[in-house]
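**Student:** This is what each chain is made of:
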Amino acid sequence: MRRLTALAPAGLLTVLLLFAWAGPLIRRTDPDALDLRHGTGAASAAHPLGTDESGRDVLARLMVGGRVSLAVGTLATAVALVLGTLVGGVAGWRAGWVDGVLMRATDAAMAVPVLFVALAVLSLFGSRVPLLIGIIGVTSWMGPARLVRAEVAALRQAEFVMAAQALGRAGPGIFLRHLLPQLVPLLSVAASVGVSYAILTESALSFLGLGVQPPRASWGNMLTGAQASLYTAPRLAIWPGVMILLTTLACNTLGQALRRRHAP
Amino acid sequence: MRPAYGAAAVALLTLAGCAGTDAAPADTLRLALINDPILNPVLAPDVGSVLVNKVIFPGLVRPDEQLRPEPDLATSWTISPDGKTYTFSLRRGVKWHDGVPFSSRDVQFTFERILDPKSGSLLWSDFATIERVEAPDSFTVRFVLSAPFASFLALLGYNAGIIPEHAFAGKPILDNTEFNRGKPIGTGPFRVVAAVPGSSLTLEADPDYYGPKPRLARIVFKLVPDANVQVAALRAGELDLVTLEPASLPGVEGTPGLTIRRATVPQHYYLALNQRLPLFKSPQVRRALDLAVNREAIIEGVLKGAADLPVGTIPVALGDWFADSLPRAATDTAEAGRLLAQAGWRRSADGTMRNSKGDPFRFTIRVDKGNPSREQTALALQQDFKAIGLEVSIETVEFAALVRDDLQPGRYDAILIWWTTPPDPDQYSYYASGQINNNVAYANATADSLLLAGRRETDPAHRRAIYHAFQALEREDPPVLVLYYPREIQAMTRRLTGLPRLGIRDALRHSETFSLGPR
Amino acid sequence: MSGAGFLARRLLQGLIVLWIVTTATFVLIHLAPGGPSILADPKLSPVERRAIEERLGLDRPLPAQYLAWHRNLLRGDLGQSFLYQTPAGLTVVERVPNTLLLAGLALAVSLALAVPLGVRAGRRPGGPADRVLDLASLAALSLPTFWFGIVLIILFAALWHLLPAGGMTTPGLEDSLGDRLRHLVLPVAVLALPITAELLRYVRSGVAAAAHAPHVPAARAKGLTEGQVSRRHLLRNALLPLVTVVGLQAPILVGGAAITETVFSWPGMGRLGVEAALGRDYPVVMAITVTVAAAIILVNVMLDLLYRWIDPRVRIE
Numbered sequence: 001m002r003r004l005t006a007l008a009p010a011g012l013l014t015v016l017l018l019f020a021w022a023g024p025l026i027r028r029t030d031p032d033a034l035d036l037r038h039g040t041g042a043a044s045a046a047h048p049l050g051t052d053e054s055g056r057d058v059l060a061r062l063m064v065g066g067r068v069s070l071a072v073g074t075l076a077t078a079v080a081l082v083l084g085t086l087v088g089g090v091a092g093w094r095a096g097w098v099d100g101v102l103m104r105a106t107d108a109a110m111a112v113p114v115l116f117v118a119l120a121v122l123s124l125f126g127s128r129v130p131l132l133i134g135i136i137g138v139t140s141w142m143g144p145a146r147l148v149r150a151e152v153a154a155l156r157q158a159e160f161v162m163a164a165q166a167l168g169r170a171g172p173g174i175f176l177r178h179l180l181p182q183l184v185p186l187l188s189v190a191a192s193v194g195v196s197y198a199i200l201t202e203s204a205l206s207f208l209g210l211g212v213q214p215p216r217a218s219w220g221n222m223l224t225g226a227q228a229s230l231y232t233a234p235r236l237a238i239w240p241g242v243m244i245l246l247t248t249l250a251c252n253t254l255g256q257a258l259r260r261r262h263a264p
Numbered sequence: 001m002r003p004a005y006g007a008a009a010v011a012l013l014t015l016a017g018c019a020g021t022d023a024a025p026a027d028t029l030r031l032a033l034i035n036d037p038i039l040n041p042v043l044a045p046d047v048g049s050v051l052v053n054k055v056i057f058p059g060l061v062r063p064d065e066q067l068r069p070e071p072d073l074a075t076s077w078t079i080s081p082d083g084k085t086y087t088f089s090l091r092r093g094v095k096w097h098d099g100v101p102f103s104s105r106d107v108q109f110t111f112e113r114i115l116d117p118k119s120g121s122l123l124w125s126d127f128a129t130i131e132r133v134e135a136p137d138s139f140t141v142r143f144v145l146s147a148p149f150a151s152f153l154a155l156l157g158y159n160a161g162i163i164p165e166h167a168f169a170g171k172p173i174l175d176n177t178e179f180n181r182g183k184p185i186g187t188g189p190f191r192v193v194a195a196v197p198g199s200s201l202t203l204e205a206d207p208d209y210y211g212p213k214p215r216l217a218r219i220v221f222k223l224v225p226d227a228n229v230q231v232a233a234l235r236a237g238e239l240d241l242v243t244l245e246p247a248s249l250p251g252v253e254g255t256p257g258l259t260i261r262r263a264t265v266p267q268h269y270y271l272a273l274n275q276r277l278p279l280f281k282s283p284q285v286r287r288a289l290d291l292a293v294n295r296e297a298i299i300e301g302v303l304k305g306a307a308d309l310p311v312g313t314i315p316v317a318l319g320d321w322f323a324d325s326l327p328r329a330a331t332d333t334a335e336a337g338r339l340l341a342q343a344g345w346r347r348s349a350d351g352t353m354r355n356s357k358g359d360p361f362r363f364t365i366r367v368d369k370g371n372p373s374r375e376q377t378a379l380a381l382q383q384d385f386k387a388i389g390l391e392v393s394i395e396t397v398e399f400a401a402l403v404r405d406d407l408q409p410g411r412y413d414a415i416l417i418w419w420t421t422p423p424d425p426d427q428y429s430y431y432a433s434g435q436i437n438n439n440v441a442y443a444n445a446t447a448d449s450l451l452l453a454g455r456r457e458t459d460p461a462h463r464r465a466i467y468h469a470f471q472a473l474e475r476e477d478p479p480v481l482v483l484y485y486p487r488e489i490q491a492m493t494r495r496l497t498g499l500p501r502l503g504i505r506d507a508l509r510h511s512e513t514f515s516l517g518p519r
Numbered sequence: 001m002s003g004a005g006f007l008a009r010r011l012l013q014g015l016i017v018l019w020i021v022t023t024a025t026f027v028l029i030h031l032a033p034g035g036p037s038i039l040a041d042p043k044l045s046p047v048e049r050r051a052i053e054e055r056l057g058l059d060r061p062l063p064a065q066y067l068a069w070h071r072n073l074l075r076g077d078l079g080q081s082f083l084y085q086t087p088a089g090l091t092v093v094e095r096v097p098n099t100l101l102l103a104g105l106a107l108a109v110s111l112a113l114a115v116p117l118g119v120r121a122g123r124r125p126g127g128p129a130d131r132v133l134d135l136a137s138l139a140a141l142s143l144p145t146f147w148f149g150i151v152l153i154i155l156f157a158a159l160w161h162l163l164p165a166g167g168m169t170t171p172g173l174e175d176s177l178g179d180r181l182r183h184l185v186l187p188v189a190v191l192a193l194p195i196t197a198e199l200l201r202y203v204r205s206g207v208a209a210a211a212h213a214p215h216v217p218a219a220r221a222k223g224l225t226e227g228q229v230s231r232r233h234l235l236r237n238a239l240l241p242l243v244t245v246v247g248l249q250a251p252i253l254v255g256g257a258a259i260t261e262t263v264f265s266w267p268g269m270g271r272l273g274v275e276a277a278l279g280r281d282y283p284v285v286m287a288i289t290v291t292v293a294a295a296i297i298l299v300n301v302m303l304d305l306l307y308r309w310i311d312p313r314v315r316i317e
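Chains as they are written, first to last, in the numbering used here: chain C, 1 to 264; chain Z, 1 to 519; chain L, 1 to 317.
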């Protein structure tokens, strides 16, 4: 039963990844080919999900857009979690002045209005995908860091950690062997929230014109582009929305399944 | 459900229930702005501020429905035979919104500020030809120009609203925040009664207005930054008139109670081809590229029909000045191929256009980011050029960076951009060689002499012949690839009447004729 | 360490953080290409351009501009907005109450919903309430704010004519409480939804962990009511992460309501920030950075005080 609950979301994620990466290899419709005279077309044999305002194939754009959005979502979250666990772990474990310095650095990072950083950096170097990943990751590690730090600070006093210390184990060893597993429930919640946060941040940046740049598709900029057609062709906004929803749903259920497996 | 939630839900429903009745009286016109305006025409010719300032601050003349200058604060004028001295008789009995009488001193003061770039004036370049401004008596103003300047009248009616000398009393106009942000004093049909930063600006009809009594009681400018929300607010009956992006048109068409107008405006959208580069030096190459573009597809597909096919750089909105007798731009890829061949480009086996050295015809189109219509137009151009064997890539750049770092220093291949011009055909500064706005480095001796003659000629018939000749020349040696003349899509409530058939900016110079029918 | 000493030290650290943040923002915003949008008019002549640059001090080297900014800051002068010709500090301060109203209400609504719902979900992990709330909160977290906002506007304003499409009041009706409340419904809903969902998940997770602990079934066996069990044993366990998460939401609320404010034409600081950043209105961007950063730092200090109060273990430093 337990394995089954983890299998379903993992399966869904695999399907999404296949859709995005293998899809365009099988269905070779050019996602950027314009057909201005047949914009906002309904579903047909040639275009199973219809066409967008510029007559581009919606299905093909959902696939290649998925590559971008999934890459942004997972990689940015990975960046944030690694940074956050490192900073929060060290701060919580070492306490004292190290904790003070790291937490003030975390405060500083949190006090920077993310929007301006994104704006400045993205317009300085262009809205390229690796940069978007970096920006979203680097501006969202503080949450995990504070959570990890609070948990580690509390766990540091726990009996099994005291015992390990009494046995003469080194800090990093104890951290990896005893504390990290304890953090998994927390981190899996943070990861699940993080992926959807990253995908949504990209779409919000798209709304401000700073996300992945058209003509390159992302689910976020497809959603932004569909705003004007909401009265006449709401499906253009629904499809990328559904993809985002499925992705976050899959990530979150997977996170929960993992958390349950690690529960004591 | 807990009782507290139930109560909250009931409260929400009640709030929603007492809706529907928008409290604005039937004679209040509600328009949208995207951010807070600066209420001073000398400081702020930006799109948002201009809309408001045209209502508050009349100029000496204003454009009529054919964009010809008609009397406003000046009742008549004479032009000296050499075209260098303009003498205006001012309207008598005009009062500023605070009751102080208007006089020639105010006009003189306004232009002294305009001609001093340190004052913060952004109208300097429009009026740089003014040598001096004289006020021989309270109701006469004389402008002496350094050279004949035929578009002078049009420019006076464009952005040059008159500001009151007494409100500034020797203080720099930039520092009068109270005036510039909340309590401006003009002579227009409506005066500002309330300014809420970030929210709205309320104007009320001025009982002392010198023209016909305004038919609206109030004009409210609401700040609505998002274009899609503007459309929603129009449909919700919270705004009475909105200008639309073409993409929003299908969402408004057929809505009961609304009507849509497509007004021609003095703008031309074009692809700037940098003629500092050898690639675009030859007129044949520019002609070929011009013939490769399928403008009908762009106008129908991207602009939803809200644009006109072009002839040259003088748009159809300029009425007589536009050379309607000349053929409009058309697509002819075969002819494009022939012209490229004349310029030394041949199609190679792989379908790409190459010169004798085997280099491909390759360039980058830059476009400002964030505007779907222009991004799609750039994509369409890319596809059209690809069809004749050119390799085109597209880069989106933020508008400010595009202008400052690429367009003005001349560091680009091609840029998709536009000019919004005053209601006059004078394009000397844009397309005469070496002039400040000639960002494409176009150089054609015949064009130079035509544009200079047109700027100096005060006889309308002669001037028309000059500009028609210029447009004919542009077909042979295009300074830029003119893509289309956009139409401003105005979606408004059916109750609104009395709006002249002009773009909203110019129409607002006639706000006293606007009227709203009963709800 | 004494509470007062702790507070003093944290505030001093806060000042240093503030200085780092403003410096970083100053450098970044000035480095970004394009420059202030008032210089981006293609028609601007070199004469006008020079006059503007001189007037705004943009012709001076960056370090000189940076020093001048500090000098003026000490005099309480944050400069003149490029876009609006108003004192930058005043322009920002004018907007603060509007943002606080929106953000405060959204946070209050979120807490009022998330805590009871989270406890209910976490009390019986895997139960029907848990499953329904789990799905609902996931869906809420998956909605892009701007899109959800526009959909609500289209439904409630454009199609059903039930609520206003945006703004804070109907011009002319500034004194009507009902009118103000009607303008608040949609933006508060949009802003509160993801916060509620996130808080709910953390509360649920904390409560669920405690529900597994041996003393909870024992408490139930002792005959305590579910309400008593929740209050005495479950909620307390969820409080620490909850405080952390509320702290994490604070910057999002104070500075990052920008999208909601833009969509709903709300005259708040976030929207002003977007306009200023896109128009490169340096003085306003800096004024907002100072305001937002100071607010976030203060919130963090208060949270640390709260931690010390909730969980005595943290106090051992």
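Think of the hints as simulated: they come from the structure by calculation, not from any bench. None of the values given here were measured: they were computed from a predicted structure. Among the hints, erroneous ones may be present.
Claimed, not checked - A few chain Z residues facing chain C, derived, Cβ under 10 Å:
1. I79
2. D82
3. R105
4. E245
5. T255
6. N294
7. L452
Note that beta-carbon positions come from the ideal geometry of N, C-alpha and C, so glycine has one too.
**Student:** Determine which of the earlier numbered hints do not hold for this structure and return their numbers in increasing order.
**Tutor:** 1, 2, 3, 7
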